[in-house]
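These protein sequences, in sequence, are chains Z and R. Numbering-wise (this note's numbering), the first sequence opens with residue 2 and increments by one. Numbering-wise (this note's numbering), the second sequence opens with residue 291 and increments by one.
Fair warning: there could be bad hints in the mix.
Only pairs whose alpha carbons sit at most 25 Å apart, straight line, appear in this in silico DMTMM-like list of lysine to aspartate or glutamate [unchecked claim]:
(1) K415/Z with D446/R
(2) K920/R with E374/Z
(3) K406/Z with E470/R
(4) K27/Z with E803/R
(5) K337/Z with D446/R
(6) K900/R with E470/R
(7) K358/Z with D863/R
(8) K802/R with E374/Z
(9) K920/R with E908/R
Calculated directly from the structure, the hints in this document are not laboratory data.
Okay, here's what each chain looks like letter by letter:
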Amino acid sequence: MNKFAHMSDIHLGAHREPVLQQLELKCFNMAMDKCVELGVDFVLISGDLFHVGIPDLGIVNAAVKRMRELREENIPIYAIYGSHDYNPASTSVIDVIETAGFLTNISKWKELKGKVRLDFCRDPKTGAKLTGLSARKIGLESRHYANLEKRSLEEEEGFKVFAFHTGITELKPPHLSEMETIPISYLPRDFDYYAGGHIHERGIFRLPGYERVVFPGPLFTGYGSDIEVTARGEKRGFYVVSFEDRVKKVEFTQVESFNGKYVEYDATGKNSMQAAKELQKEIGHLDVRGSVVALKVRGELSGGKTSDMSFSGIRSALTERGALYVYVNRHALTSKEYTQIKFAGEDTSTIEAKSFKERIGDVKVAQRSLRGERGVALAQELLKVLRQDARVDESKKAYLDRLVKDSVHVLGLKETIDGEE
Amino acid sequence: MIIKSLKLENIRSYKEASVELPLGKTLFEGDIGSGKSTLLMGIEFALFGLGSETGGALLKAGETEGKVGLIFEVDGSEYSVVRRLIRKGAKVQQAEGTLGTHEGVSHLSASELKERILNILGFNEPSDPKSQSVIYRYAVYTPQEEMKTIIFMRPDLRLQTLRRAFRIEDYKTANQNAAELSRKFRSRASNFEAMATDVRSIRERILHERSQLELEKKKLSALRAKAEEKEKQLKSLNEEREKLRSDEQKLLTTLHEISLLEKMVKSSEDETESLSGDVESLEKRIAKSQSQAKEIEVVADPTPKTAEQLKSEVSGLGSHAEELKKLQARLESKIEDYETVQRTGSCPTCDREADPTIFVQKIRVKEIEKDEVVAKIAQHKIDLEETKSVLEKKQQYEIANKRMKELNEDILQYNHELEQKTKKVDEARIRSEETTRKLKESRENAELLKGISADIKRLDSKMKVAEDGLRVTRDDVAVASTTVKEIRGRLKERGGELRTKLDYAKRAEMLKEYQIWTDDYFIPTLEMIERHVLMNINQEFNSNFQDWFSKLVDDAGKEARVDENFTPILEQDGYEQEIYYLSGGEKTSLALAYRLALNNVVQKVSTGMKTNLVIFDEPTDGFSKEQLGKVREILDELQSPQVIVVSHEKELESFADQIFRIVKVNGESSVSSGR
Numbered sequence: 002m003n004k005f006a007h008m009s010d011i012h013l014g015a016h017r018e019p020v021l022q023q024l025e026l027k028c029f030n031m032a033m034d035k036c037v038e039l040g041v042d043f044v045l046i047s048g049d050l051f052h053v054g055i056p057d058l059g060i061v062n063a064a065v066k067r068m069r070e071l072r073e074e075n076i077p078i079y080a081i082y083g084s085h086d087y088n089p090a091s092t093s094v095i096d097v098i099e100t101a102g103f104l105t106n107i108s109k110w111k112e113l114k115g116k117v118r119l120d121f122c123r124d125p126k127t128g129a130k131l132t133g134l135s136a137r138k139i140g141l142e143s144r145h146y147a148n149l150e151k152r153s154l155e156e157e158e159g160f161k162v163f164a165f166h167t168g169i170t171e172l173k174p175p176h177l178s179e180m181e182t183i184p185i186s187y188l189p190r191d192f193d194y195y196a197g198g199h200i201h202e203r204g205i206f207r208l209p210g211y212e213r214v215v216f217p218g219p220l221f222t223g224y225g226s227d228i229e230v231t232a233r234g235e236k237r238g239f240y241v242v243s244f245e246d247r248v249k250k251v252e253f254t255q256v257e258s259f260n261g262k263y264v265e266y267d268a269t270g271k272n273s274m275q276a277a278k279e280l281q282k283e284i285g286h287l288d289v290r291g292s293v294v295a296l297k298v299r300g301e302l303s304g305g306k307t308s309d310m311s312f313s314g315i316r317s318a319l320t321e322r323g324a325l326y327v328y329v330n331r332h333a334l335t336s337k338e339y340t341q342i343k344f345a346g347e348d349t350s351t352i353e354a355k356s357f358k359e360r361i362g363d364v365k366v367a368q369r370s371l372r373g374e375r376g377v378a379l380a381q382e383l384l385k386v387l388r389q390d391a392r393v394d395e396s397k398k399a400y401l402d403r404l405v406k407d408s409v410h411v412l413g414l415k416e417t418i419d420g421e422e
Numbered sequence: 291m292i293i294k295s296l297k298l299e300n301i302r303s304y305k306e307a308s309v310e311l312p313l314g315k316t317l318f319e320g321d322i323g324s325g326k327s328t329l330l331m332g333i334e335f336a337l338f339g340l341g342s343e344t345g346g347a348l349l350k351a352g353e354t355e356g357k358v359g360l361i362f363e364v365d366g367s368e369y370s371v372v373r374r375l376i377r378k379g380a381k382v383q384q385a386e387g388t389l390g391t392h393e394g395v396s397h398l399s400a401s402e403l404k405e406r407i408l409n410i411l412g413f414n415e416p417s418d419p420k421s422q423s424v425i426y427r428y429a430v431y432t433p434q435e436e437m438k439t440i441i442f443m444r445p446d447l448r449l450q451t452l453r454r455a456f457r458i459e460d461y462k463t464a465n466q467n468a469a470e471l472s473r474k475f476r477s478r479a480s481n482f483e484a485m486a487t488d489v490r491s492i493r494e495r496i497l498h499e500r501s502q503l504e505l506e507k508k509k510l511s512a513l514r515a516k517a518e519e520k521e522k523q524l525k526s527l528n529e530e531r532e533k534l535r536s537d538e539q540k541l542l543t544t545l546h547e548i549s550l551l552e553k554m555v556k557s558s559e560d561e562t563e564s565l566s567g568d569v570e571s572l573e574k575r576i577a578k579s580q581s582q583a584k585e586i587e588v589v590a591d592p593t594p595k596t597a598e599q600l601k602s603e604v605s606g607l608g609s610h611a612e613e614l615k616k617l618q619a620r621l622e623s624k625i626e627d628y629e630t631v632q633r634t635g636s637c638p639t640c641d642r643e644a645d646p647t648i649f650v651q652k653i654r655v656k657e658i659e660k661d662e663v664v665a666k667i668a669q670h671k672i673d674l675e676e677t678k679s680v681l682e683k684k685q686q687y688e689i690a691n692k693r694m695k696e697l698n699e700d701i702l703q704y705n706h707e708l709e710q711k712t713k714k715v716d717e718a719r720i721r722s723e724e725t726t727r728k729l730k731e732s733r734e735n736a737e738l739l740k741g742i743s744a745d746i747k748r749l750d751s752k753m754k755v756a757e758d759g760l761r762v763t764r765d766d767v768a769v770a771s772t773t774v775k776e777i778r779g780r781l782k783e784r785g786g787e788l789r790t791k792l793d794y795a796k797r798a799e800m801l802k803e804y805q806i807w808t809d810d811y812f813i814p815t816l817e818m819i820e821r822h823v824l825m826n827i828n829q830e831f832n833s834n835f836q837d838w839f840s841k842l843v844d845d846a847g848k849e850a851r852v853d854e855n856f857t858p859i860l861e862q863d864g865y866e867q868e869i870y871y872l873s874g875g876e877k878t879s880l881a882l883a884y885r886l887a888l889n890n891v892v893q894k895v896s897t898g899m900k901t902n903l904v905i906f907d908e909p910t911d912g913f914s915k916e917q918l919g920k921v922r923e924i925l926d927e928l929q930s931p932q933v934i935v936v937s938h939e940k941e942l943e944s945f946a947d948q949i950f951r952i953v954k955v956n957g958e959s960s961v962s963s964g965r
């Protein structure tokens with residue numbers, strides 16, 4: 002029985018944090034180890050082996066080293082290029098790796114008379130015929146697929162795998178409704194296996210004419226949201242497809258590179274201090290040793306700033322307690338005090354005038370000059386005096402004396418305040 | 291502000307360089323380390339001085355003097371500034387610089403220059419020569435190495451820096467100063483309160499003094515009434531006494547009169563007697579004169595002619611006789627002359643010969659004339675004797691007549707005197723009778739006033755008693771009045787004291803109100819303003835920052851924002867990415883977006899600021915080609931009339947209006963125009 006491993010969205014080099022870089026690499030290595038262990042005939046990567054076109058060369062070096070080892074084990078790696086690791090306008094690392102012979106790009110296409118023509122790449126060991134389309138930039142992709150010459154692909158005999166790196170409209174999860182996708186009909190029909198990538202959600206789908214549309218999801222995590230899902234218990238890994246002339250079995254193989262811990266906290270109705278305290282309590286009892294923690298804090302604080310809840314403090318506290326890495330999501334955390342902007346778009350002096358005016362009614366004093374419009378005008382004048390900085394070479398005492406004197410003058414208190422001490 | 295030209299001399303790697311800067315986008319392009327940033331440092335140095343930089347870092351190694359000259363334009367006016375650096379031993383110092391305006395060139399110290407330039411640019415910030423212009427650093431030019439510094443700064447330090455740039459720190463300053471002012475109010479108010487104690491006891495004392503005053507005033511008024519009564523009594527006694535005194539005076543006058551009258555009676559009697567004597571004597575004289583007149587009456591008048599007429603006749607006769615005598619003599623002389631001629635036959639006068647016969651006749655005529663004259667002379671002698679006798683008789687008559695006249699006048703005079711005397715005698719008699727009557731009267735009066743002295747004595751003793759009584763009462767009044775005065779004085783003093791204390795209390799009260807106003811209104815409002823202004827700026831900054839970032843990073847999953855403390859947060863699907871671990875391009879994008887947002891906001895909050903020049907120092911470090919293309923859009927969007935970009939990125943050339951190439955050969959930089 003022939004076997005191949007289908008993985009995608011590895012996003013090597015997505016992380017610059019050393020811990021995550023290590024985990025990322027560890028995950029890749031574990032996957033490669035599993036492939037050897039399971040005795041797959043080849044590996045198919047449906048795009049985004051790397052997170053960027055030119056990633057950190059240390060990562061590239063480590064990855065290539067592992068890929069060479071795989072080649073030495075006679076397990077070739079086939080791939081299409083993803084949206085992250087490839088740019089048709091410039092040379093990416095993945096091009097270099099292909100040139101070096103550690104990877105085969107199966108997306109060999111030509112554009113002829115407005116039609117996109119694809120060729121098959123035949124795995125010599127298993128005879129599997131592989132083809133697919135690398136990712137294009139948004140907008141270009143659907144045109145590319147629309148122009149795909151499908152008939153020749155559909156008429157090809159043998160065990161056929163089509164790799165793609167795009168979302169399928171019919172399979173699009175609701176939370177990705179904004180994502181650009183293509184209808185399944187853009188793909189050639191009746192392939193044995195549709196090896197998908199790009200969608201970071203694992204799933205095997207069956208559509209009429211499209212027996213097996215498979216998305217393995219990210220191997221590790223490209224994004225924080227992936228970490229969150231992992232931390233919530235989602236298994237990460239790749240599919241091992243057993244086949245002869247047809248697919249016999251599609252089996253998920255987990256690659257567990259780390260323990261995940263997910264904490265969600267709703268701060269609504271609490272002020273920043275209360276929320277910080279409660280959150281501390283919440284995470285206090287967690288055993289985070291060796292874990293990647295995804296912390297999601299949301300809600301509207303009743304007072305204080307969101308930045309009062311020192312997330313860097315929380316992060317280092319958890320790290321000190323053994324967490325490998327702490328991901329923080331406070332995107333949905335707001336503060337009532339800071340969201341209700343009273344004087345939006347006003348200039349500073351208008352804000353000053355309006356604020357003084359707004360609060361003048363609250364002050365309970367008998368002095369008429371301190372109330373009403375006179376009080377407001379006085380406050381504005383006083384602010385002009387008191388906001389002054391000390392002059393160059395002015396002593397603190399001289400500065401304060403000057404300001405007190407000027408303030409007393411502005412407030413018309415000279416006669417009142419002067420007199421024997 | 292538009293920069294028009296920059297000139298460097300011995301600055302860092304430049305020996306000498308001069309650049310004319312046009313409007314639009316200018317690119318200074320050159321390899322890393324070629325001296326591009328030095329041009330920007332030069333501009334900043336020319337404008338604001340060394341700041342925290344050292345002179346040694348700017349002055350070209352091995353040179354003793356360097357300078358930077360900058361010509362710029364603000365609101366249509368051109369300014370030229372020159373700053374100089376001088377090496378003195380191991381130190382490099384700023385020397386005096388110059389500022390040229392349309393009014394002329396001024397030589398100014400480094401700090402004076404900075405102050406003037408801040409003023410020209412409308413940068414409202416302290417002119418401390420030891421610090422950079424924060425506004426310039428954030429609104430105009432941020433050095434390359436500082437672009438990212440602000441992103442990686444400790445949040446509290448960054449917030450502090452930004453608060454300064456946004457002038458939010460003003461409120462903290464104002465808040466602290468207001469607290470100081472409030473302390474001052476409190477301390478003065480408690481001073482005044484301390485000075486205003488005892489008001490109650492002073493008030494009680496005043497009330498007490500007031501009731502005392504009322505009592506004393508009543509007492510005084512009773513005493514005054516008594517004194518008045520006594521004065522009245524004394525006055526009436528005095529009047530009585532005055533009357534007696536006047537009667538006494540009258541008595542004395544009467545007695546004196548009596549003595550006078552007695553004398554007058556005597557004198558009248560004497561006068562009558564004397565006058566009677568005179569009358570008698572006058573009668574005698576009249577009789578004597580009348581008898582003498584009778585004797586003279588017999589002398590008669592010899593002629594009606596007056597004595598004078600007679601005297602004139604005598605004189606006329608005398609002189610006529612003399613003239614006749616002279617005529618007689620002349621005739622005799624003539625006759626004698628004629629007789630000589632007759633005898634000699636010649637004129638004795640002219641010696642001419644004369645006929646003597648003619649002279650005989652002549653002598654005869656003359657002899658007749660002589661005889662007539664002699665007869666006339668004899669007649670005159672008789673007439674004269676006669677007239678002289680009449681004159682003598684006339685003179686005797688005139689003397690008698692004169693005497694008669696005198697006597698008659700005497701008689702008339704005596705009679706007149708007699709009449710007068712007689713009248714006087716009558717008058718003297720009448721007077722004597724009158725005087726006698728008066729005397730009688732006076733004596734009667736004197737009799738009436740006989741007992742007056744005794745009356746006066748009695749009254750005097752009565753008055754003394756009254757006066758003594760009045761004096762005592764007056765003393766009592768004086769004492770009471772003094773008491774009243776003293777109480778009034780005390781009341782005035784207490785009143786003054788109370789007023790002062792009340793004034794202190796009022797002042798304390800007022801200052802307390804100002805303190806309350808400051809503490810409960812001003813300071814909390816400042817805090818509110820600070821929060822609102824900061825929130826506003828934060829919101830504006832955030833929208834700017836997000837906007838610029840999304841333009842630079844074309845990744846819908848990536849979102850950049852700042853939190854309330856302006857800490858940049860880069861999120862991917864809501865999860866934060868630690869910015870330390872971003873890629874170079876991302877970091878630059880974040881920093882550039884931050885810088886652009888800062889630029890916008892600082893420009894906006896620095897009201898009155900007169901520059902919209904923007905300078906970028908290597909803004910594209912780590913950018914992809916695609917991102918480099920976006921820089922163009924961003925520069926266009928800035929809508930700044932002058933944008934200066936320093937970059938080693940040749941890609942940027944395509945959208946610069948003007949390119950300067952910087953090259954460094956043998957350690958020396960030079961600038962050349964590339965387009």
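Subject >> Unsatisfied constraints (hint numbers, rising) >> reply: Checked against the structure, the hints that fail are numbers 1, 2, 4, 6, 7, while the rest are satisfied.
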